[in-house]
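Once you have looked at the hints, place chain X on chain Y.
What follows is each chain in one-letter form.
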Amino acid sequence: MRTSSLRMFLVGGLLVAAGLALVVSGFASSSPDGLEKVAEDKGLLETARDHLFADGPLADYQVAGVHNERLSTGVSGLIGVLITFGLGMALFALVRGLRSRRNDSEPTRAP
Amino acid sequence: MHIPDGLINAYTSVGAGAVAAGGIGVSLRRAAQTLQERQAPLAGLVAAYIFAVQMLNFPVAAGTSGHLLGGVLAAVLVGPWAAAICVAVVLVVQSLLFADGGVTALGLNITNMAIVGVFGGWVVFQLLRRALPATRASVVASSGIAAGISVVLAACAFVLEYALGGTGGVSVGTVFAAMGGVHALIGIGEGVITALTVGVVLGVRPDLVHGAAHLQGPPLVLQGAPGRRRGEVG
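Top to bottom, those sequences are chains Y and X. Just so you know, we're using my numbering here: the first sequence kicks off at 1 and counts up by one. Just so you know, we're using my numbering here: the second sequence kicks off at 1 and counts up by one.
Here chain Y stands alone, though its shape is the one from the complex (with noise of 0.2 Å):
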């Protein structure tokens, strides 16, 4: 019971960061964040690079091709979601794997 429980909580969970990621992303102010504007304000982007990776398929949370710019924020940061979520499980069950292996003592059950 409390297995089926906690896989409502992830499935809500998930829900409600794919929801944000989503809708209200469009929403997020646009103006530079602390840092950004700090070292906009006293120079320092001079010396600044562009990102290795600025024309990727998803660079700066746009989706390549999509035009509408609130839409492919959301788009972007869905998929953003899902990978993050995706690597995040496979990473997290590789580090309990390495566990259960040294520790025979602890019951693997079955999620």
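These aren't lab readings, by the way, just hints derived from the structure by calculation. The hints are all genuine.
Facing chain X, according to a computed beta carbon distance under 7 Å, are these residues of chain Y, among others: (1) L35; (2) G56; (3) F92.
Reference listing, derived: stretches of chain X covered by chain Y, where coverage requires no fewer than 3 residues with Cβ under 8 Å from a Cβ of chain Y: (4) 5-19; (5) 28-35; (6) 60-71; (7) 86-94; (8) 168-179; (9) 194-208.
Chain Y is nowhere near these chain X residues, computed Cβ spacing over 12 Å in every case: (10) Q126; (11) L128; (12) R129; (13) R130; (14) A131; (15) A141; (16) L164; (17) H214.
Just so you know, even glycine gets a beta-carbon here, dropped at the ideal spot from N, CA and C.
Chain X alone, transformed into the frame defined by chain Y:
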């Protein structure tokens, strides 16, 4: 808070890369020892949530915005070791896929946000939590305040890196004053978002909150089982 390429020189970037690699290496090992079964998928969710909320820049002053860093939020939910990994995963995805945060500055950004932000903030959280009564409200308040302070700590880490290897011609004092002021404001937003999120998770699944394990009654197993309920078999 993401440093672009070229702002900090190569020596300092490589040094920060070593700090980041060491910190994440230790975190991976410690997370492998301490992370509980139900926390592993939660940690994946925490990373995804931080990615999403980092996109939500909020205005803080004229022409300036701030966004969540998420280090303390992650640490309170899944513990500091897994939290450092969560934030590092977000930073890697942002840098490699979204061109946010320089690739050569990845070590600097992981050091500031995933190491200093997480562990610095976690220490503050623990101090506050112990000083306050053992209630949910204390956990929420401690999370929020520690999160706010963690932003200023991460900003200070940037100033230190600038002092060691900044390529700009501006004095360290000037950068410190500018960074400190704006990040104190951003810290308020960080604190609010962190407290709200921790409050919601405490309301729905309090057993999932690592930083509230002391409210869950005596653990069944002595080591590495915070929050395990009486009678629940691992």
